[in-house]
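*Asks:* Chain residues, written in single-letter form:
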Amino acid sequence: MGELYHWFDLLGVAVFAISGTLLAHEKSMDGFGVIVLASVTAIGGGTLRDLILDMPVFWVHDTSYFITILVTVAITIVWLNIRQSFPHFLLQLADALGIAFFAIMGAQKALGAGVPVMTAVIMGVLTGCFGGMIRDVLAREVPMLLKGPLYAIACAIGAGLYAQLVSMEINQQLAMWIGGLTTLMVRLAAIRWQLSLHVFRYHN
Amino acid sequence: MGELYHWFDLLGVAVFAISGTLLAHEKSMDGFGVIVLASVTAIGGGTLRDLILDMPVFWVHDTSYFITILVTVAITIVWLNIRQSFPHFLLQLADALGIAFFAIMGAQKALGAGVPVMTAVIMGVLTGCFGGMIRDVLAREVPMLLKGPLYAIACAIGAGLYAQLVSMEINQQLAMWIGGLTTLMVRLAAIRWQLSLHVFRYHN
Amino acid sequence: MGELYHWFDLLGVAVFAISGTLLAHEKSMDGFGVIVLASVTAIGGGTLRDLILDMPVFWVHDTSYFITILVTVAITIVWLNIRQSFPHFLLQLADALGIAFFAIMGAQKALGAGVPVMTAVIMGVLTGCFGGMIRDVLAREVPMLLKGPLYAIACAIGAGLYAQLVSMEINQQLAMWIGGLTTLMVRLAAIRWQLSLHVFRYHN
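Residue numbers (the numbering used here), protein chains in the order written: chain W, 1 to 204; chain Y, 205 to 408; chain G, 409 to 612.
One should not assume that every hint holds.
Straight-line Cα separation of at most 35 Å, DSBU-like style, residue types lysine-lysine; simulated pairs [stated by the list, open to error]: (1) K27(W) x K435(G); (2) K27(W) x K231(Y); (3) K231(Y) x K435(G); (4) K109(W) x K517(G); (5) K313(Y) x K435(G); (6) K109(W) x K435(G); (7) K231(Y) x K109(W); (8) K231(Y) x K517(G); (9) K313(Y) x K27(W).
Covered stretches of chain G, as calculated for chain Y (at least 3 residues, CB under 8 Å) [stated by the list, open to error]: (10) 431 to 440; (11) 477 to 491.
Quick caveat, the hints were computed from the structure, so don't treat them as lab data. Predicted model only: the values in this text are computed from it and were never measured. C-beta: ideal position from N, C-alpha, C; glycine also.
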């Protein structure tokens, strides 16, 4: 089962590396800038999570993450140079899959470190959303996280549900699937129906 | 006394959470973006301080900080939706109180970790100012810290004075009050009389 | 020999502090903003490297780094106020020297922590380039790293060569010189002949 998780983890990294490469393409970045942006997007959230939980940073002793990024960036560049475009829905789906998996993995790792449930939920949000936030800051965009429909909240709901199920001693793997699918569904629904949470009322 | 500190600490967090919420309102952010911006402002500086000092990050095992943020954000949103504005001087006062307390807490925690006095002063500045700096970067503002009148220097003076008094074996609590009030006074004076430190002379 | 390294290290810090001060001058920042920008540029990359490798952050117990920054900033400000300009080539040379030294120091420290060669190369890039990236983000520039000619790649080539030579059990100091000079040459050549790595082909 650990093996399977590792593959899912690499899939999440690949998906975020694609989103970084696409943004680098839009912004006409060159050579290594692409790799930097893709790497930051893919491993930024998990790196901060591990630093805050005071655990070994996940990619330091396992080079498979960085190799995945390099291969993904190379393939995405070739694709972009041939096709000049990318099916946008595919990207959004992939991105939603990425945050779904990362949110659950973040919450799981945090619970494993013995932190309170609320901290585990924060770690889920942080793992799922932080990499994309740094990506947007570096590319001088207003972070999607701060404006986008239900981006962080999808992570929070999924991670919270997962942590809740775990505390009820439900089977760990089942809890992961339920939490992950919930994040995925909330995010896809938000994209499909342009849902968002308006908290400020502007009188103008 | 530790109890009292904890309450002051939460007050500092609340004050910075308000400033994050106000900026999110100005930038028309939605739902969770507000919470993210408020949280980053309120706990960003202390998080970096704890990481650099290699101490447990203060909010990981104590959920009272995050609950304070959530409650503060909720109250501020309700206020903004009713009043559509916020007395600006009150915010500046609150912000000045926040940096005053955080600067001293940062220096104190650093001295407790056994670092040199100069590092303790840096940690005071970092704790007081870093959260607001990330807030401004995320909202795509030029960080107030880099332009504003005596923002970082107020933290440095207060934290330095505190560290100096501690090294003279003055009563710890008295040193905190003197250092904190100094930061507060310098910052308020800088706001009131538009003081700033011009180091570059431009001939044009 | 350790003594010599420390001096080189301080030289790298000074060079980056100059580049931070120059950018602060361009952006009309004031007083402490200059010191903050110079410090972030000079010690940002190494700080992140040490956090990720879970080693004590290099400047926490050694105040010589921060004193170097303060003195460098002061001298640079005086120079700028007298001359109002700075020979641009000298800055680029200094910056190239800085990334050359930092890239090798980063890779060396990472190898000393027992990480795989690929991680050591990443750490070389991160140490050499990250400080300048934060500097550009704070000053609201598109990071030079993401656009500039062969910035990160020069670090990667030098750090990679160094790690390769070390693994072949070549004399440590010789490997540092070869790696460092390679980074320097690649970067200077890229500046001189405007080399860059175009990976995206845009049909328009």
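*Asks:* Decide, hint by hint, whether the structure agrees.
*Replies:* Hints versus structure:
1. K27(W) x K435(G): holds, 23 Å
2. K27(W) x K231(Y): Distance ~23 Å between K27(W) and K231(Y) Cα, so the pair holds.
3. K231(Y) x K435(G): holds, 23 Å
4. K109(W) x K517(G): holds, 28 Å
5. K313(Y) x K435(G): holds, 34 Å
6. K109(W) x K435(G): Given pair K109(W), K435(G) is violated - Cα atoms ~42 Å apart, limit 35 Å.
7. K231(Y) x K109(W): This hinted pair holds, its Cα atoms lying about 34 Å apart.
8. K231(Y) x K517(G): The given pair, whose Cα atoms are some 42 Å apart, is violated under the 35 Å limit.
9. K313(Y) x K27(W): violated, 42 Å
10. 431 to 440: As far as the segment 431 to 440 of chain G goes, the hint holds, because 8 residues have Cβ atoms under 8 Å from chain Y.
11. 477 to 491: holds (count 3)
In this structure, the earlier hints numbered 6, 8, 9 are contradicted, and the remaining ones agree with it.
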